[in-house]
Amino acid sequence: MVSYFKDILVGFGSLLAGMAVTIRYFFKPIVTVQYPREKIIMSPRYRGHTQLALDAESGTHRCIACELCARTCPSQLITVQGVRVDKKKKVPWQYIIEYQYCSLCGLCIEVCPTKALEWSHEYRLAGFTRQDSVFDLLVRFQHQQRMAGVPVTPIPEPAAETEGEAEPAGEVKE
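Each residue of the sequence shown is one higher than the last, beginning at 1 in UniProt numbering.
Worth flagging that the hints you see were computed from the coordinates, not collected in a lab.
Quick caveat: nothing in here was measured; it's all calculated off a predicted structure.
Beta carbons: idealized from backbone N, C-alpha and C, even for Gly.
Incorrect hints may appear among the rest.
What the hints assert, rightly or not - Heads up, simulated DSSO-like pairs for lysine-lysine below, C-alpha to C-alpha not over 27 Å straight-line:
1) Lys115 with Lys89
2) Lys115 with Lys87
3) Lys39 with Lys28
4) Lys115 with Lys90
5) Lys115 with Lys88
To be verified - Label pairs and their calculated CB-CB ranges:
6) His121 with Arg71: 25 to 31 Å
7) Ser58 with Glu110: 21 to 27 Å
8) Ile41 with Ser75: 49 to 55 Å
9) Gln76 with Lys39: 30 to 36 Å
10) Thr153 with Ile30: 39 to 45 Å
11) Cys105 with Phe12: 51 to 57 Å
12) Lys39 with Gln100: 22 to 28 Å
13) Arg24 with Gly106: 38 to 44 Å
14) Val31 with Thr79: 38 to 44 Å
15) Pro74 with Val33: 32 to 38 Å
16) Phe26 with Gly149: 26 to 32 Å
17) Gly18 with Arg71: 52 to 58 Å
18) His143 with Val83: 20 to 26 Å
From just these sequences and the hints, can you work out the full model?
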């Protein structure tokens, strides 16, 4: 009989402890974020997808199209194609990353010799198709430049291949 009343007291104490937690949180401010309407502020150490870093001095990126990031990627998701603008300088005209298989390991960021890649703070990358997760970082970089108020760097055109081109019809080569 004593254990019966002891169990009732222990249960009542447990009930009071649970209600104390509930009442304490009832008077705290609301922390729910109305997600689509309110933007969440991410912490500075948040690691989103990779993006080209905006160079503060020049207002453009520092990528030299060396393709080290593409060779280092364990999933082989990066495609970089460059074109020479001067005899020495090479810039990318296409920088594609397929994020549907990216493990966000960060090896591409670590291996970059010019520190042209960085982690973004973007978290809204959901899509409906696989093609929605294939990004051209140069196009996204132009958007980043517009948001920063920096003049937009045009994407260079790929060099036309002169070897193997057919001669235009109607011209006679002498």
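Tested hints:
Taken as a hint, the Lys115 and Lys89 pair is honoured in the structure, with Cα atoms around 16 Å apart against an allowance of 27 Å. Distance restraint check for Lys115 and Lys87: the Cα-Cα separation of roughly 22 Å lies within the 27 Å cut-off, and the hinted pair is therefore satisfied. Between Lys39 and Lys28, the direct Cα distance comes to roughly 22 Å. Compliance with the 27 Å bound is thereby established for this hinted pair. With a C-alpha separation of about 16 Å, the suggested pairing of Lys115 with Lys90 holds against the 27 Å cut-off.
A hinted pair counts as satisfied when its Cα atoms are at most 27 Å apart, and Lys115 with Lys88 qualifies at roughly 19 Å. A hinted range of 25 to 31 Å holds for the C-beta pair His121 and Arg71, which are about 27 Å apart. Between Ser58 and Glu110, the C-beta spacing of about 23 Å keeps the proposed range 21 to 27 Å intact. Distance hint for Ile41 and Ser75: a CB-CB separation of about 30 Å, inconsistent with the stated range 49 to 55 Å.
Evaluation of the 30 to 36 Å hint for Gln76 and Lys39 yields a pass: the beta carbon distance comes to about 34 Å. One distance hint, 39 to 45 Å for the beta-carbon pair Thr153 and Ile30, holds here, with the actual separation near 43 Å. Roughly 53 Å separates the CB atoms of Cys105 and Phe12, a value that falls within the hinted 51 to 57 Å. Hint check: Lys39 to Gln100, Cβ distance near 24 Å, so the stated range 22 to 28 Å holds.
Checked against the hint of 38 to 44 Å, the pair Arg24 and Gly106 passes, with Cβ atoms roughly 40 Å apart. A hinted range of 38 to 44 Å holds for the C-beta pair Val31 and Thr79, which are about 42 Å apart. A hinted range of 32 to 38 Å holds for the C-beta pair Pro74 and Val33, which are about 34 Å apart. The supplied range of 26 to 32 Å is broken by Phe26 and Gly149, whose beta-carbon atoms lie about 45 Å from each other.
Between Gly18 and Arg71 the CB atoms are about 57 Å apart, so this pair conforms to the stated range of 52 to 58 Å. Checked against the given bound of 20 to 26 Å, the beta carbons of His143 and Val83, roughly 21 Å apart, stay inside it.
Comparing the model with each earlier hint shows violations of hints 8 and 16; every other hint is respected.
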